[in-house]
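**Q** The lines below spell out each chain.
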Amino acid sequence: MHVKVNGQTIEIFAGARVRDVLRKYSRAEWTLVRKNEKKISDAHGHEVGLDGELNGGEELVVQASAPAESQS
Amino acid sequence: MKRALFAGPVRRRLFLALLGVFVLSSCVSLPRPPAEARVVPALAEAHIVIFHSNDVHGKIDNFAKVAAIIDAERKSGADVFFFSAGDNFSGDPVVDRYDPPGAPMLVLLDRLGLNVLCPGNHEFDYGLEILRKFAARFRTVAANIKPRPGAFPELKPWVVLNARNGIKIVVFGLIQIEAGNGLPSTHPDKVKQLRFSEPLAKALELKKLRSSGHVLIGLTHIGHEQDLLLAREMPELDLIIGGHSHTRVDPAENVNGVLVAQAGSDNLFLGRIDLLLKNGRLVEKKGRLIDLSQMRDEDGAIKAMIAKFHQNPALARVIAKAPLEISGKNALGSLMTDAIRQAHGLDVAFQNNGGIRLNRLPQTITLKDVYTLEPFSNQIVKIVMTPAEIRGLIKTSFERQREIDLQVSGLSYLIRTDSAKQIKEIRLSKPDGSPLAEERTYKVGLPSYIVSSYRFAHRDAGRSLYATTADDIILYLQSGADLGIYRDVRRAFWEIAAESPRN
Chain A
1 MHVKVNGQTI
11 EIFAGARVRD
21 VLRKYSRAEW
31 TLVRKNEKKI
41 SDAHGHEVGL
51 DGELNGGEEL
61 VVQASAPAES
71 QS
Chain Y
1001 MKRALFAGPV
1011 RRRLFLALLG
1021 VFVLSSCVSL
1031 PRPPAEARVV
1041 PALAEAHIVI
1051 FHSNDVHGKI
1061 DNFAKVAAII
1071 DAERKSGADV
1081 FFFSAGDNFS
1091 GDPVVDRYDP
1101 PGAPMLVLLD
1111 RLGLNVLCPG
1121 NHEFDYGLEI
1131 LRKFAARFRT
1141 VAANIKPRPG
1151 AFPELKPWVV
1161 LNARNGIKIV
1171 VFGLIQIEAG
1181 NGLPSTHPDK
1191 VKQLRFSEPL
1201 AKALELKKLR
1211 SSGHVLIGLT
1221 HIGHEQDLLL
1231 AREMPELDLI
1241 IGGHSHTRVD
1251 PAENVNGVLV
1261 AQAGSDNLFL
1271 GRIDLLLKNG
1281 RLVEKKGRLI
1291 DLSQMRDEDG
1301 AIKAMIAKFH
1311 QNPALARVIA
1321 KAPLEISGKN
1331 ALGSLMTDAI
1341 RQAHGLDVAF
1351 QNNGGIRLNR
1361 LPQTITLKDV
1371 YTLEPFSNQI
1381 VKIVMTPAEI
1391 RGLIKTSFER
1401 QREIDLQVSG
1411 LSYLIRTDSA
1421 KQIKEIRLSK
1431 PDGSPLAEER
1441 TYKVGLPSYI
1451 VSSYRFAHRD
1461 AGRSLYATTA
1471 DDIILYLQSG
1481 ADLGIYRDVR
1491 RAFWEIAAES
1501 PRN
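As they're listed, the protein sequences go chains A and Y. In case it helps, the working numbering puts the first sequence at residues 1 to 72. In case it helps, the working numbering puts the second sequence at residues 1001 to 1503.
For the record, the hints were derived by calculation from the structure and aren't laboratory data.
Which bits of chain A does chain Y cover? Going by a derived footprint, with three or more residues having C-beta under 8 angstroms, they are:
| hint | stretch |
| --- | --- |
| 1 | 8–19 |
| 2 | 23–32 |
| 3 | 51–64 |
Sample of chain A residues lacking proximity to chain Y, with all beta carbon distances greater than 10 angstroms (derived):
| hint | residue |
| --- | --- |
| 4 | 4 |
| 5 | 35 |
| 6 | 36 |
| 7 | 37 |
| 8 | 38 |
Remember, predicted model here, so these are calculated numbers, not experimental data. For each residue, glycine too, the CB sits at the ideal point set by N, CA and C.
With the hints as extra help, turn the sequences into a complete structure.
**A** Printed below as a string of structure tokens:
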């Protein structure tokens, strides 16, 4: 099946989850999401979990997480 | 407390909304109120709170907080319901490997007073008998499942819940199916007794339910994208509470007049919907997520139950005895790949060394040992591959660290490199030593980590087999496999070829 990540079409096995598609899209981005430095959302801006199950044709967006509030 | 939800600006909006409804009702033909609405006393007001969760996947720890939240709301006098949009199982051995499987989830959901459950694709993972126990305990709805006669009488397409003041809430269920095989995302053998139809088409047949109650709800496990399509196609709905895609919809969004909600996954959030009805008409609806990490109150009795469940005695149960310890990557990887290959009838299976998280399995092997050996819950993916594609995979694996990385079952391989570790040749052999047939393809099983992380060419994109490596190892060990063969086993070889003298 095909899933788009940041506009790039990724071919992935049927039954793949968000984490599978993200790892295939970019190891660097995967690492940043794991560190909570970036978050992954659907095409409507809703954050999705890494074990979220996907259907072909869906779209994901990786973007920077909101910066933490300053403590000072 | 109940009034506070609609106080201040909200109250003014409510007044304007009511005024709008009055004006609209005198101008256009609105859907007729259901017959039951006539029994509602004039000017009667109803505030209904629906808590919802989805895709809990065996993560029970936050249920003590969920219980405290729901209980507090009930004590405040609100009319409270609790819905589950599916996938309560599969994801934590404490729940998945309980005896019987899933028992902690059944007990906890019962204590929480679950009103309605829509099964998700993972509700079938333990087999139909376990789901039947859940359906016997909780109202379970899925309109697009058609059991074979007598197979699953507890399953209903929809239910009607009676709220206070004569308010009737109609809830129908929908479960996802895959485009390819028309089945939910689980092993096909688990759902042999059931037939499934396309969820959105089935939902559109249920528009008539609008007249059966005051509130119409789709409790779905079809993913947020499909929920949005459903909302656009079926404005008769008041509310969709969804699951499957693990989407945090906060606040719930209004699509075509339908409120669409989903509460993420793993019991990190609890969804809350507030419905306000006047004279049998829904006049305000809103939804938000409660971040359970920010909540402090816990139900002490539930917390104690969860602690006891974590001591799951089944994890300490011995499932196999080996004639000797099984140690080292070669032996453990061979056992893991043999298990994958046997479980799914595959020609070949691979396992990366990084995914083998134990140095040795003791002679007396418990379930806990298996989950320590393979803690990642990697799904097994079947890919049909040519020998050339298999060589490509092995080449990629070797080049990651310039050393043997993949353990294998169903074949052995030899990598020949020069002294700079540049690959010169990869030779594949069947277990009897003969070469693989270059013209044919092989069914290869790979952990999902390899498929998504390793860069290798394969024409077949593959398909999940909806089983984890740990599942397969447990089946293999319980099958009475001969564990003596792993003493000195080795199937992956690397040699540095002698280099020709340079002139």
